[in-house]
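Visitor: Each chain, letter by letter, is given below.
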Amino acid sequence: MRIALRIALAASAALLTLGVAQAQEKTLRIGTEGAYPPFNNLTADGQLVGFDIDIAKALCDQMKVKCTFVAQDWDGIIPALQAGKFDAIVASMSITPERKEKVDFTNKYYNTPSALAVPKDSTLKGVTKADLAGKTIGVATTTTHFNYASKTYTDSTIKGYPSSPEEQADLANGRLDAIEDDIVVLQQWLDSPDGACCKILGQPSPQPVDIFGPGAGIAVRKGETDLVNKFNAAIDAIRANGKYKEINDKYFKFDVFGAES
Amino acid sequence: MSATATMVERPPPRARGWPRPRIAGYALVCMWIAFGLGIVAYLVLAWNPAFFAKYAPAYLKGLGVTLSLVAIAMVIGAILSVPVAYGRMSSNRILSGLAYCYVYFFRGTPLLVQTFLVYYGVGSFRPQLSEFGIYLPVFSDGLTLARFTLWDFFKDAFNCGVFAFALNTAAYQAEILRGAIESVPRGQWEGAASLGLHKLQTLRKIILPQALIVALRPYGNELILMIKASAIVAIITVYDLMGNAKLAFANSFDIQAYIWVAVVYLVMVEILRHGVEWIERRITIHLKR
Chain Z
1 MRIALRIALA
11 ASAALLTLGV
21 AQAQEKTLRI
31 GTEGAYPPFN
41 NLTADGQLVG
51 FDIDIAKALC
61 DQMKVKCTFV
71 AQDWDGIIPA
81 LQAGKFDAIV
91 ASMSITPERK
101 EKVDFTNKYY
111 NTPSALAVPK
121 DSTLKGVTKA
131 DLAGKTIGVA
141 TTTTHFNYAS
151 KTYTDSTIKG
161 YPSSPEEQAD
171 LANGRLDAIE
181 DDIVVLQQWL
191 DSPDGACCKI
201 LGQPSPQPVD
211 IFGPGAGIAV
221 RKGETDLVNK
231 FNAAIDAIRA
241 NGKYKEINDK
251 YFKFDVFGAE
261 S
Chain C
1001 MSATATMVER
1011 PPPRARGWPR
1021 PRIAGYALVC
1031 MWIAFGLGIV
1041 AYLVLAWNPA
1051 FFAKYAPAYL
1061 KGLGVTLSLV
1071 AIAMVIGAIL
1081 SVPVAYGRMS
1091 SNRILSGLAY
1101 CYVYFFRGTP
1111 LLVQTFLVYY
1121 GVGSFRPQLS
1131 EFGIYLPVFS
1141 DGLTLARFTL
1151 WDFFKDAFNC
1161 GVFAFALNTA
1171 AYQAEILRGA
1181 IESVPRGQWE
1191 GAASLGLHKL
1201 QTLRKIILPQ
1211 ALIVALRPYG
1221 NELILMIKAS
1231 AIVAIITVYD
1241 LMGNAKLAFA
1251 NSFDIQAYIW
1261 VAVVYLVMVE
1271 ILRHGVEWIE
1281 RRITIHLKR
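These protein sequences, in sequence, are chains Z and C. First residue of the first sequence: 1, per this note's numbering; consecutive thereafter. First residue of the second sequence: 1001, per this note's numbering; consecutive thereafter.
If you are wondering where the hints come from, they were derived from the structure by calculation, not from laboratory data. Check each hint, because a few of them may be wrong.
Here are some, though not all, of the chain Z residues that point toward chain C, as calculated from beta-carbon distances under 7 Å [as the list claims (entries may be wrong)]:
1) K102
2) T142
3) S156
4) K159
5) P162
6) A169
7) N173
8) G174
9) R175
Don't be surprised by glycine CBs; every beta carbon is placed ideally from N, CA and C.
Next up, chain Z with everything else stripped away, as it sits in the complex (with noise of 0.2 Å):
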């Protein structure tokens, strides 16, 4: 009797947690950054707008599951994603050999190439090595803008920051000489009052894709495949059916979507 009551008592309380892990797995937690509009930025109320937030949604309607949004710093957003406080990282993070070993990444839901930002009065030219020798340029680090940079631009000072706000901050003051961001990040800063100093440069030519990947993707914990192909067939969906280019159109006046690969 004793013994039976325990085997009907583990068998239910196994029951509970396959079905809190099915429950849990039905809200998906995304992780974005909110510092890098227009694609992620959270609003002075606390709200995470912009494209990459709009299309995770689009996602995540596709795939049928509700999703709730996670803000974490972009320094520590892999790692955060391994411990998991969530569960995929859609945040315009761009798919490279070296995330690759820590992250699994779907296929790329965007592409845009990457640019630098100078003073209006600048002197300077062009966007070479030996344009920019001797100035000083400011990137984000953990980015592939600066993995580009401190690769290619090695006569000039490059200094890294947390995040893209405070490196537009430092070329309008003019404690710096360019800025390497992503042309829509850019873009998006010079419409807006405060980049009314500055202007694009231009673009560095070419731009390998062993430091910019193929585009930015959408990073899942290693391993797993299922989610990954969730993702893949969602994008596709979306491209299909219209939706991808009804928040493209939102946001831009051209297809960030890039070469189909």
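Given chain Z, put chain C in place with the hints provided.
Guide: For chain C alone, coordinates are given in the frame of chain Z:
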């Protein structure tokens, strides 16, 4: 002497066997030892010569930046702390009020906030700062005069860090100095006055030597706190020890980057702690019986 000796209560005898607090104590110590061994084991297992070869020079460079930042800030802070401490002890209401506000602000707000205020706050006053300039002789193609403005100073992140840290530590050091001077009994001042010594002479020859013994430990603590707090400058783009660790982590995603930097800070603090203890042993020889 015997009268005082009888008044001192004997400590209770040590408990025998294994009372609960002792078991808990041993268990806690064992846990910490296991934790420490775990970290050491991890470092040994994860020992990565490639990581070391790649980033050790950067760490060393960062260590130099950290040490020079703290050293410069501590010295400037020590100099600044003298007038502030004087103000705090002054009977002049305005002077003591001002000094009080200074200390209150810098001890009452986080150093991180102060550093941000200096770095990004000053950055937004660039046009005004560029107005104030002085001409200094410079050696470039012979001796020429070059104009240096306040902006030239604040443009550099390292200078901003030193500026914020010096102001911050000046407030703490002023309080240490004031406390130490006030800990010397009034009778010392009166005795010196009765011998016809001038106030400054009294301060320099009688009060300060006694006060600085009291101040040594708090000074040592302040130095240790400054070394640890200096990691803050990594976020205003100074590549100090922490800045280089962050960079190493960004490139490798290897948690070793932070473990090693913790070890370096730990070693620095340990060396300082022993240094302070050694100085204290030396300067209190005359007090030992």
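Visitor: Does each hint fit the structure? Answer for all of them.
Guide: Hint by hint, here is what the structure shows:
1. K102: Holds. Min distance 5 Å.
2. T142: 4 Å, holds
3. S156: 14 Å, violated
4. K159: 4 Å, holds
5. P162: 6 Å, holds
6. A169: At 6 Å from the nearest chain C Cβ, A169 of chain Z passes the 7 Å test, so the hint holds.
7. N173: 4 Å, holds
8. G174: 6 Å, holds
9. R175: Hint holds; R175 of chain Z Cβ to chain C Cβ min 5 Å, cut 7 Å.
Checked against the numbered hints listed earlier, the structure breaks hint 3 alone; every other hint is satisfied.
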